[in-house]
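As you go down the protein sequences, you meet chains A and B in turn.
Just so you know, we're using the numbering used here here: the first sequence kicks off at 1 and counts up by one.
Just so you know, we're using the numbering used here here: the second sequence kicks off at 1 and counts up by one.
What the hints contain is simulated information worked out from the structure, not anything from laboratory work.
Heads up, a few of these hints could be off.
[To be verified] A short list of chain A residues far from chain B (calculated; beta carbon distances all over 12 Å):
no.: 1; residue: F13
no.: 2; residue: G64
no.: 3; residue: K92
no.: 4; residue: W128
no.: 5; residue: A158
no.: 6; residue: N185
no.: 7; residue: T233
no.: 8; residue: V248
no.: 9; residue: K290
[Said to hold, decoys possible] Here are a few chain B residues that face chain A, going by a calculated C-beta distance under 10 Å:
no.: 10; residue: L18
no.: 11; residue: W21
no.: 12; residue: N454
no.: 13; residue: V455
no.: 14; residue: G468
Small disclaimer: the values here were computed from a predicted structure and weren't measured.
Think of the CB as a built atom: it goes at the ideal place given N, C-alpha and C, for glycine as much as any other residue.
The primary structure of each chain is shown beneath.
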Amino acid sequence: MMFDITGKRFRFFLISGVVILIGVISLSSFGRLRAGIEFSSGSMMTVSFEQEVAHDELRQELAGLGYTDAIVQGTEGGNFYIRTDKLSEEEKAELTNALTAKFGSLEEMEFYSVSPMVATETFWNTLWACLAAAIGVLLYVTWAFRRMPKPFHYGTCAIIALVHDALVVLGIFSILGGILDWEINLMFITGILAVIGYSVNNTVVIFDRIRENLSRGLSSNFEVVVNNSLVETIGRSLNTSLTTLIVVLALLLFVGASIQNFAVVLLIGIIAGTYSSICIAPQLLLIWEKGEWGRFLPWLPQPAVKAKGG
Amino acid sequence: MARRNIIALVIILVLFGLSLWTVLPTKGENFLGMRLGLDLVGGVHLVYQAQFPEGATGEEKAGDMDRALETIKRRIDKYGVTEPVIHGEGGERIVVQLPGFTDIEAAKKLVEQTGFLEFRHVELNEEGSPVYLSDYLENTRTEFFDEEVAGTRLFVDNDDNPVVFLDKDGAGNLSFTDGTGNSIDLDEVKRRAEEILGEDVPGSWALLSWIPARGDDGTQLTGDLLDKAAPGVIEKATGSEYQIDIEWNEEGGIIFDQIAKRIYESGSYGTPQRSLGIFLDSVLISSPQILESEYQGKGSITGNFTMDEVTRLANLLTSGALPMPLEKPPLYEEKVSATLGADFIDMSLMAGLIGIILVMLFMIVYYRLPGLLASLALIFYGVLVLAVFKLWPGGGVTLTLAGLGGFILSIGMAVDANVLIFERMKEESRTGRTFGAAIEAGFNRAWTAIRDSNVTTFIVCGILYWLGSSIVASAPVMGFALTLFIGVAVSMFTAIVVTRTLLRLFVGTRLAKRRSLFTVYSGKK
């Protein structure tokens, strides 16, 4: 008995396409990716009130003080996260005094203030880091599979899978951003980069099996080789993802708000990464090998399918 | 083979014991004695941009930076913050991290404050000659020599640093202090005086009695009354001469002329009584001679100065103790309260514990005996990673919330190598291999996949670490990169070496034949 995974490849692309499309629609309409103060500068504080304070009242009070753009989020334990434009020392003191006058004594649990200069720097360095990660992965995968007939194919497919994961995470996050005011902060980026590493890790394990099966001369049909490799590794792929998801869920449930961006990115990213390492990267490899790219563009005249490689 | 395996087991157990011994907390340590980041213990993190004068060379900037860091360190040490981190970054930024110190406004004042700049002159006795510390020590005086000028007498050593202060206590008696209100007994003062006199510096002005320079109405001349101080150059036939041009504000100009007149008339050029002592935080930074009896608000400090010295002095006079002003507000401010930090630790511990238990349960249920052994390896993994954190070069890894997140994440990823191997063992045993052969084949065949796949994680960790080192609010990123890297590296060891050693113990035993202990054998065919 043999599962036919590769035969469903175009269905897999359709599923990914739909998820990414939803993300793109969200990005261009109701959803949004709001940059955290690390990237856009500003101040944020977490305050803990002695008395119970209603979310709406706090928001109104802040609006009344002139902070109409302030983001207010309730976090666990009755604390509130308040994000504003960059506060000067005097503005901060005024704000704290006004809130104390209105809601009673409060404790400032956290305070962060980032200047525009630092924010710009952080933004660009983060962009470079993400680019460097992608290029590093491309080079490494190409190098690791250098003895294969087309090492560059392996690298490129791994990168496409990685971009796929990033797009899925961004899309879903934009929906969360639209509904819950979540931000793209440094922890988010850290999570994205961790997901990149994780997703490629899975992809490499499957590619490694394809490499091994090719060198053992399992079959002259590349599709059979890829399918067999997937069937052989699918248990490992799912189990490893499961153990990782277990700890990520533990992080999300027990550590909570302070790293929720990070944990949620990992959660979405690990699922997307597992999917892409099985359903995207190796399938693209197969499509490339078979010269089936034209099938993504059905309105173009279909080239004769050439039997290649194997 | 069996013998070698026993030796491996012994080594592993010894390593485990050593790690456990490293990790277990000694009395009074919090959280296993790990070094904790600001977000966990609470504290303040500030980053300042230094404003160097235009055209300053790299060397000058580096020198100024060192002095500025020294000064800030001194101030913070006085406050008694434990293990403050104060360092320069990129040559133009100053990073101040104060663990456990959560008053961010006070911290900012401490760093930004301009030192206390005051002007003094030498005390004279009835005959009009300068008074030294020894004059006060002989015959134990009960009154100041110059009763007309009230206030602390300050004595400095040959390096111009304060030695001792002499003041009147509440009862009107003279008493020696350290400047912050603690009294110093007479024997100690005598010992210090002898030590300094023993240095035998020719023409030494050490231990002169410096008294506050006051205007006729008693107002002391301080840095507040100074309007401007800038480096100046006078071109002479003999070459360039450097000086500091100063300008007083209105009140300062009047007071200064009253003081200058007195000093000018008190002695001849070159004598101590003709000099004006400029003190910054009680350190004598310059003692120029008064050349005229009237300055009308403006003056210059001349001397055998180099350009460097002039710039530095001018900066000291305007910006206080720091060689260059710091841009305000800081580029980056962070404050985390101690309670929030403590919560983070508890929550992370909980998450880690629950995570590790669930992963172990999964491994045992799914892989049976090998899963149990992998779980033992996972416990070893946890302890070994914590030991590595503690022994990491540079005083251990500084654990942050993100770092703990990376560690917890790595628990889930740590069993990956085991999963790879066990799945491989299943396949190998399906081809009819014996238990022992399946173990060896499983480990050998899985190795390339483990190696190649973990390299990608290392690449990402490397990039994250670079990102962390290149940006200001770097703690989360760097902490995560480092703990994930250590975690994955250690997991390669524990999942492979430890699990294999434990599994080999069962080769050839009766247990190895009990199929129900190994889903390995009950695999679908």
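**Message:** Quick check for students: does the CB of W128(A) sit more than 12 Å from each CB in chain B?
**Reply:** Since the minimum Cβ distance to chain B is about 8 Å, W128(A) lies within 12 Å and the statement is violated.
**Asked** Quick one, is the W21(B) hint okay against chain A at 10 Å, beta carbons?
**Response** violated, 27 Å
**Interface hint status, G468(B) versus chain A (Cβ within 10 Å)** = Since the shortest Cβ distance to chain A is 9 Å, the answer is holds.
**Item:** Check on T233(A) being off the interface with chain B, judged by Cβ distance over 12 Å
**Value:** T233(A) is in fact no farther than 12 Å from some Cβ atom of chain B, at 8 Å.
**Status of N185(A), Cβ more than 12 Å from any chain B Cβ** = Violated: least Cβ distance 9 Å, not greater than 12 Å.
**Prompt:** Under the criterion of a CB-CB separation shorter than 10 Å, is L18(B) in contact with chain A as hinted?
**Reply:** Violated: closest Cβ of chain A sits about 26 Å from L18(B), beyond 10 Å.
**Prompt:** Holds or violated: is the Cβ of F13(A) farther than 12 Å from all Cβ atoms of chain B?
**Reply:** Its Cβ never comes within 12 Å of chain B, the nearest being 23 Å, so this holds.
**Asked** Minimum Cβ separation between K92(A) and chain B greater than 12 Å?
**Response** violated, 9 Å
**Message:** So, as I understand it, the hint says V455(B) touches chain A; can you test that by seeing if any CB pair is closer than 10 Å?
**Reply:** holds, 6 Å
**Prompt:** Going by Cβ atoms, does A158(A) stay more than 12 Å from chain B at every point?
**Reply:** violated, 8 Å
**Request:** Verify that the Cβ of V248(A) lies farther than 12 Å from every Cβ atom of chain B, and report whether the claim holds or is violated.
**Result:** About 7 Å separates V248(A) from the closest Cβ of chain B, which leaves it inside 12 Å; violated.
**Asked** Taking the minimum C-beta separation from G64(A) to chain B, is that value above 12 Å?
**Response** holds, 25 Å
Hints 3, 4, 5, 6, 7, 8, 10, 11, counting from the list given before, are not met by this structure.
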